[in-house]
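**Q** Here is what each chain is made of, one letter per residue.
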Amino acid sequence: MASARISMYLPPDVNPTQAPIAYGCRALPKLNKELQSEHLLTRQKALVALCDLMHDPEYVYEAINIGCLESLKALLKDSDDVVRIKTTEVLYIMATHNVGRNGFLECDVIPALSSLLNDPHPVCRMNLHQAYKHLAELPAGAQGIVFSGLIPALVWKVQREEEDIQELILDTLAPCLQVDATEALSSHAVPFLKQKLLSTNDDIRSKAARALIAISIPLEGKDQVCQYDVIPILVHLLKDKEEEVQANAAGALMYTAVTTEGKYAALDAEAIPPLLALLSSPKSKVRLNAAKALTMLAEAPEGRRYLQSHVHAFRVLEVEHNEAIQRAAQIAISVIEWKP
Amino acid sequence: MEMQRQQEVKRKALARKRAQEQLRPQTPEPVRGRKHVDVQTELYLEEIADRIIEVDMECQTDGFLDRPPTPLFIPAKSGTDVATQILQGELFDFDLEVKPMLEVLVGKTIEQALLEVMEEEELANLRAGQYAYEEIRNIELAEVQRLEEQERRHREEKERRKQQQWEIIHKHNETSQKISARAFAQRYLADLLPSVFGSLRDSGYFYDPIERDIELGFLPWVMNEVEKTMEYSMVGRTVLDMLIPEVVEKEAGHVRPEGGQALVPEIRGRARRPGRRERSAGLRLPGGRRGPGPAAVFRGRAVPGEAAAGGRRARGAHRADGDEEVLGEGRTLPTAGGRRAVKPWRPRERRGPPGTRARGPWGPAGYPRLLCNCE
Numbered sequence: 001m002a003s004a005r006i007s008m009y010l011p012p013d014v015n016p017t018q019a020p021i022a023y024g025c026r027a028l029p030k031l032n033k034e035l036q037s038e039h040l041l042t043r044q045k046a047l048v049a050l051c052d053l054m055h056d057p058e059y060v061y062e063a064i065n066i067g068c069l070e071s072l073k074a075l076l077k078d079s080d081d082v083v084r085i086k087t088t089e090v091l092y093i094m095a096t097h098n099v100g101r102n103g104f105l106e107c108d109v110i111p112a113l114s115s116l117l118n119d120p121h122p123v124c125r126m127n128l129h130q131a132y133k134h135l136a137e138l139p140a141g142a143q144g145i146v147f148s149g150l151i152p153a154l155v156w157k158v159q160r161e162e163e164d165i166q167e168l169i170l171d172t173l174a175p176c177l178q179v180d181a182t183e184a185l186s187s188h189a190v191p192f193l194k195q196k197l198l199s200t201n202d203d204i205r206s207k208a209a210r211a212l213i214a215i216s217i218p219l220e221g222k223d224q225v226c227q228y229d230v231i232p233i234l235v236h237l238l239k240d241k242e243e244e245v246q247a248n249a250a251g252a253l254m255y256t257a258v259t260t261e262g263k264y265a266a267l268d269a270e271a272i273p274p275l276l277a278l279l280s281s282p283k284s285k286v287r288l289n290a291a292k293a294l295t296m297l298a299e300a301p302e303g304r305r306y307l308q309s310h311v312h313a314f315r316v317l318e319v320e321h322n323e324a325i326q327r328a329a330q331i332a333i334s335v336i337e338w339k340p
Numbered sequence: 001m002e003m004q005r006q007q008e009v010k011r012k013a014l015a016r017k018r019a020q021e022q023l024r025p026q027t028p029e030p031v032r033g034r035k036h037v038d039v040q041t042e043l044y045l046e047e048i049a050d051r052i053i054e055v056d057m058e059c060q061t062d063g064f065l066d067r068p069p070t071p072l073f074i075p076a077k078s079g080t081d082v083a084t085q086i087l088q089g090e091l092f093d094f095d096l097e098v099k100p101m102l103e104v105l106v107g108k109t110i111e112q113a114l115l116e117v118m119e120e121e122e123l124a125n126l127r128a129g130q131y132a133y134e135e136i137r138n139i140e141l142a143e144v145q146r147l148e149e150q151e152r153r154h155r156e157e158k159e160r161r162k163q164q165q166w167e168i169i170h171k172h173n174e175t176s177q178k179i180s181a182r183a184f185a186q187r188y189l190a191d192l193l194p195s196v197f198g199s200l201r202d203s204g205y206f207y208d209p210i211e212r213d214i215e216l217g218f219l220p221w222v223m224n225e226v227e228k229t230m231e232y233s234m235v236g237r238t239v240l241d242m243l244i245p246e247v248v249e250k251e252a253g254h255v256r257p258e259g260g261q262a263l264v265p266e267i268r269g270r271a272r273r274p275g276r277r278e279r280s281a282g283l284r285l286p287g288g289r290r291g292p293g294p295a296a297v298f299r300g301r302a303v304p305g306e307a308a309a310g311g312r313r314a315r316g317a318h319r320a321d322g323d324e325e326v327l328g329e330g331r332t333l334p335t336a337g338g339r340r341a342v343k344p345w346r347p348r349e350r351r352g353p354p355g356t357r358a359r360g361p362w363g364p365a366g367y368p369r370l371l372c373n374c375e
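Chains R and U are the protein sequences, given in the same order. Using UniProt numbering, the first residue of the first sequence is number 1, and each one after it goes up by one. Using UniProt numbering, the first residue of the second sequence is number 1, and each one after it goes up by one.
For reference, chain U alone in the conformation it holds in the complex (with noise of 0.2 Å):
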């Protein structure tokens, strides 16, 4: 019976858990697509801070006695006395042992001491040795010097004689060039004089006044008149000439035309040539005017022969002139034996430039211009 009530009332426990539960809010169902997981939110570790229950408890002892000092300890007496004495020697004989001890001090002492000394006398060896050697050092460093300088001097000196030798002939050099340039100079201007006075005389400097006077002067005014005497006397002819052909054109207007003229002409030209050479060959009349032509004179007219040579011969002198233009070509004189039949003569047309009233060697009408300016 009771096992049953107890049944029954694990059953209503049970029941009533279960009826507690569902009332009891739970969580929500998981919305879809998730799903619920169990996490820990407490610390996972815990700090066990468990307080050990601590209680205070005393105890006491008693206060210490002094510990007694320990009583002596005299053992007790046991076995026979015996007593002994050390007299005096028997132990030990200070002396000899005390000796080597006093050896080892005094050995060392001086071992001590005959080291120092010995060090200082090496050192004093040392020194010695090391002046000795600075001793002949010095003097071989003092050697070494005198020697160098000695050498020096003496190449100084050598230097010395040298340049002085040097300018020695130089000078020497010079002085030699001095004596022959001047030698040379003096013998090149020896003859200088004279040649100078020669070269001078010889170029005409050393004139006669008289002399230069009369050529200068009086002779070109020698020579003019002559010119102007032969001039006019050629004038004179001229006009002659002119008057003649005309007079016999006159005539011969009358009478046949020959023979008569051919001489004439070549008179004419005969006398005249040796005046003109001599005229070329003289001095230069002054202004450079020249007698007509002969030539010109005769230019309408072809003639051929000796006058036609001296027609040539003119052509030439005149050419030497600078008159060749006067001339026309193929114009020759009339030559003694021939009878040709004459070109009738007519004016030559006027050279030089057209229109001009400048008095030029040629006349209004083509004759040539006449000294005597008679127009």
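Isolated chain R (complex conformation) (with noise of 0.2 Å):
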């Protein structure tokens, strides 16, 4: 029964590691005051309780006009890894809200992160490179990245990271690359994601194709890829049991064979058969891909003679409920019938 006598004792806490919440529009600048005490405790008790509250995008946007930004930032050069490791994770929670991107790019919160790319702790790396990714979903975030000049740095992290880390990395670089690829492409990236295509797991061959794709966009980009003879591995993935690397790679070659270059490298290397394969997949992405991929090498005299013979799977895709395939095998069928 209960007593009535007030306890000497303070009420247990729910989770003792998290410091007790402040009630309504207190809890946040008591939080934040928290943050910037000398007391290792007390911050690492408000990192876990700001965990908490960020899921919350009212609370993230009231972080952030409140300047708890530049107290995290500070405590990102904090000496204690859980600090650090707390820190990225409330940076990564908040990066997952458009405010929080909005106010990562104000706050110029990516030069202090980047700090953190050789920290000992996996975790926090991992936290780390979410947070990238997450920023890097919004064009505008890509664009930061990239502007920070990272991407040398991302694309050397690729080679030296564990796997999930690699694949997170990838995923910031595919969006980063399609803003601009001239650093990436300065600093290697081809060689190394034409290394990540052969590897054994799925994610990273479909997202180191995805980037790919992003990198043979600019002109150079195709030159590279030429030069480093990525396209026939890009044709042997066509027949991989992955419909994402299936459909990656088909759009790598579609770009890569715009350049006349390009096209001759892919006959060489007989990427028509498999292309022709893929059209009848049932996954829209990769029908596209492919439709494309074969459009571009029917520009070349040699795919319009091997292609003549197919125009009827053509004809089957262009009765499709999707717009864009339709677009798409109606210009592949007119460019094949074409005579000069």
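Hint data in this document are derived by calculation from the structure and do not stem from the laboratory. A few of these clues could be false.
Just the calculated beta-carbon pair ranges, DEER-fashion [said to hold, decoys possible]:
#1 Leu65(U) to Cys25(R): 50 to 60 Å
#2 Ile86(U) to Tyr23(R): 29 to 39 Å
#3 Asp81(R) to Gln112(U): 21 to 31 Å
#4 Glu103(U) to Val316(R): 53 to 63 Å
#5 Arg304(R) to Ala124(U): 35 to 45 Å
#6 Ala300(R) to Gln112(U): 33 to 43 Å
#7 Asp108(R) to Arg137(U): 22 to 32 Å
#8 His172(U) to Tyr228(R): 42 to 52 Å
All C-beta atoms, glycine included, are put in the ideal place defined by N, C-alpha and C.
Could you fit the two chains together into a complex? Lean on the hints.
**A** Next comes the structure, spelled out in structure tokens:
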């Protein structure tokens, strides 16, 4: 039975590692102050509490308004591991919200985060790369990452990190390369991606192929892809079991085959039969990319001659529901049947 | 009495004071123009350093004794004793009561979990939408690049074809120009040879050497000899001419000088004329020497009529040869019909630089120099 006497002890904490969250609008300012305290335990507890709160976008907005990001940036350089891990986690959770991403860009969090790229703790780096990945999904965020010159470092990291972090980095790189690929091209991204294409992990292969798509959009990228003999590997990937890998490989071929050199390299590697097989794949992305890649190859006379006997496959695609596929099929047919 | 004494004492005191004051040295009178003024030299402010007299005093109470504990207050018993007992199930039903609390607890947990899951799902949806957009964007971009590439290739092909065509036309033009130039040159040069030969022949390059030789060598020599012979004959005639007048004069010295003279010079004039014309029309004499002009012989005589005309003609012919100065003005040869007074023949003044010993055409006495060199 409950006793009427007030106990001498404090009520037991639900989570002893978490700082008590003040009521209402006092929660965040108090936590912010605690973040700046000199006492290690206070900081840690405040960080844990902040992690919980940051799932709510309203709290994120308020936190950015009161300048939590500055204190978090200062904490990134802390000597204690737990503090750093928790800080990166908070930042990662904030990056999942758009408000948080915009706040990152305004407060220059990216360079501050980049100081942790070589952190000894894998968890810390994982959080860091997750934050970058979420940031890169926003076009302005991708631009921010490119402008802060992180791409050479990230490309270099792809080689050396563990597998799951590699996936994250590749996911980050793909949108960034779509913004501006020149830095990556000058830091030997293509040979690295070529190696990743041969990895055993499905996800890594598909993400590497996606990054390759992005890198082969500018002309310089196409030239490098031809130069480093990536095309035979891409053709080999067209026969992969994974559909995502197939789709991305077809996409990379599609871009590379725009130049005459790429076209003939693809024809030499006999890309047409696998691509024709992909036209009947269940996934729409695969069909789209395959149709486009075949269109590119049909521009060359040899390709056109070969494909003229396979126009029926494109006719099948023409009656699809997907508008993009319809259009792609029509264009392909018109290119194949073009007479000079 | 006492009062008086006191008053006197007072008076004396006063007088003493006055005397003392007078004796006391006083400040001297001020100098003229100055005045004594009282000045305070002491400090205006005085620090009051009044030390209050302090004395230490002590006092001490006795030591405390511990207060004995209050005895337990047990109030006197009053009222009635009452007892109560809560049986099971009477206070509250735990299951019922706990439900809302549990609901809240579980609900909150689930709500939180749902929020997180929804968050991730939202993110996944966003990502899927982004991928779909990326696909379409990639396709469109590839299409654009392909069209660009196609355009570039077509354009380059067109340029190359145009360039080829241009070169073909150029070559065509050149070839036709070359052909026409060659045809024209051929035609032009066709009659080059005959015309060359013709013009050469016309300008006398093809000459018969013998003919040439004869022309160049023989004929001049012949003419030279002819001239010499003629000159000899002329000289002879001239000498004769000179002799005859002298003789005639001499004889006329005896006979009247008339008539005979008129005829003689006329004949001589006429006889000479064709010869000169012939000479001037024919080949030039080598050395350009001329025989003595006939008119020169008759310089001294003024003869009107034909002889004058002959003389004028002779002058004209001489003028053509450039010996115009030989004849003077107004000197004419005598005519056939006229009997005029003839001026006595005087030797003409010597022309030519005075004092020259060179052998000009005139002899020392004004006579023409003779070819036979007889002086």
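**Q** Please go over all the hints and tell whether each is borne out by the structure.
**A** Evaluated hints:
no. : hint                               : verdict
1   : Leu65(U) to Cys25(R): 50 to 60 Å   : holds (58 Å)
2   : Ile86(U) to Tyr23(R): 29 to 39 Å   : holds (36 Å)
3   : Asp81(R) to Gln112(U): 21 to 31 Å  : holds (27 Å)
4   : Glu103(U) to Val316(R): 53 to 63 Å : holds (57 Å)
5   : Arg304(R) to Ala124(U): 35 to 45 Å : holds (42 Å)
6   : Ala300(R) to Gln112(U): 33 to 43 Å : violated (59 Å)
7   : Asp108(R) to Arg137(U): 22 to 32 Å : holds (29 Å)
8   : His172(U) to Tyr228(R): 42 to 52 Å : holds (49 Å)
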